[in-house]
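Protein chains in written order, with this note's numbering: chain D, 1223 to 1473; chain B, 2 to 141.
Fair warning: there could be bad hints in the mix.
Said to hold, decoys possible - The calculated label-pair distances, taken between Cβ atoms and stated as ranges, are:
(1) G1370/D / V19/B: 54 to 60 Å
(2) L7/B / L1445/D: 49 to 55 Å
(3) N52/B / D1394/D: 48 to 54 Å
(4) R1367/D / V110/B: 45 to 51 Å
(5) N68/B / F1284/D: 41 to 47 Å
Said to hold, decoys possible - Derived SDA-like pairs (lysine to any residue); straight-line CA-CA distance at most 25 Å:
(6) K59/B / A41/B
(7) K1443/D / V80/B
(8) K1443/D / A41/B
(9) K59/B / V80/B
(10) K1443/D / S93/B
(11) K1443/D / A88/B
(12) K1443/D / Q95/B
(13) K1443/D / R1385/D
(14) K1443/D / D94/B
(15) K1443/D / V89/B
(16) K59/B / L45/B
(17) K59/B / F72/B
Hints were generated in silico from the structure; no laboratory data involved.
Where is the CB? At the ideal position from N, CA and C, for every residue including glycine.
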Amino acid sequence: MSPFRSLAVVPAYNESATVARVVEALHRDAPEFDVLVVDDGSTDDTSAFARAAGAEVIRMPFNLGIGGAVQAGFVYADEHGYDRMAQVDGDGQHDPSELQRLEETMREHGVDMVCGSRFLSEDLKYPSPISRRTGIHIFAFLLSRLVGQRVSDPTSGFRLYNRRAIGLFSHDYPHDYPEVEAVLMLHHHRLTMREVPVRMFLRGGGVSSIGTGKSAYYMLKVLLALFIGLARRRPVVDPGDDAPVAASHGI
Amino acid sequence: MDRLQLVSIFAAAVLLFVVLEMVRRRRLLERYALLWMGAAAVVLGLACWSNALERLAKALGIIDPPNALFFVALGFIVVLLLHFSAAVSRLSDQSKVLAQRLAIMEQHVRRLQGDRREDEAVLEASRAERLTESAGRGRQ
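Taking the hints into account, I'd like the entire structure generated from these sequences.
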């Protein structure tokens, strides 16, 4: 029996082609993890396939975007008292057997988040379009300077969080393209992170949440969020603060 | 009094009337109605009291006083739109939280109904089974 209760959250939006395989791979290669599939308002049978494969499923009433879907996973993990939460994409590009190494790194270094990176090791070259790689490296460069630590793959969605990180992100998690901002948030709250080299597969099916047309918007939005995040004195609401979402306020 | 002033007075009066009527029919919250009524009152005041408009125009460096009226109205519209963008942001944040709560509740209800698993014990058992399986594979 594992000393921890661990949850693997699989955000999935129209991934019926791959989601069952991901769930089965998690059960097989990372058996200590319970599996929660967050169906982000899919219009196909993602929920049914995931449930048939033996995962718990929460189904969003409409498409929230990756940030909202993953945050639902954090809230679930927080409320069910999980000690660890892993985030694994529903398209099959992450290898669940590598969660073991993420967990070992977390235990060994006592960090709050461990992040799988495609770019840490030279022999694990990730075959992605040059435009996207360039974008990722720009974020990596900026973010590394902002948090004062090398972050080689800030857009990676293959992550393991401990209780503190789960608690933080269940209260506040960025909206549209959350991964880069999440690293900055973690830093602001003096939580720690570390990267481990992982191999990522090309997508097994479905369509990436980031189309080529959206790439420019993605870059601008995340850059804006990064700089605004810097300007926030207190990026997250602490107990006793004003409500982040007020029912009403003056003009 | 020139024609533009008359038109402005008329427009402001119509705006005021429409806003009041919408509040009466509960189509508009008082919170927003006050904002619009304030705007109508300002336009009305400036249109009627042309001396004030001339002074304002001079202060802003606008040669033709009626243009100052448009300038003020435009400024008001920008502020109002910004306010609505903020309101939409707030609403989308609220609906996100509601969607998350709803999805988790639905899962919880399904669980309680015993649709797939009887209770936590079954979940524990399946986890234990997976673990022994993998341990078995590890030894092979």
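How the hints compare with the structure:
no.	hint	verdict
1	G1370/D / V19/B: 54 to 60 Å	57 Å, holds
2	L7/B / L1445/D: 49 to 55 Å	50 Å, holds
3	N52/B / D1394/D: 48 to 54 Å	53 Å, holds
4	R1367/D / V110/B: 45 to 51 Å	47 Å, holds
5	N68/B / F1284/D: 41 to 47 Å	46 Å, holds
6	K59/B / A41/B	22 Å, holds
7	K1443/D / V80/B	23 Å, holds
8	K1443/D / A41/B	37 Å, violated
9	K59/B / V80/B	23 Å, holds
10	K1443/D / S93/B	17 Å, holds
11	K1443/D / A88/B	20 Å, holds
12	K1443/D / Q95/B	21 Å, holds
13	K1443/D / R1385/D	29 Å, violated
14	K1443/D / D94/B	17 Å, holds
15	K1443/D / V89/B	18 Å, holds
16	K59/B / L45/B	19 Å, holds
17	K59/B / F72/B	13 Å, holds
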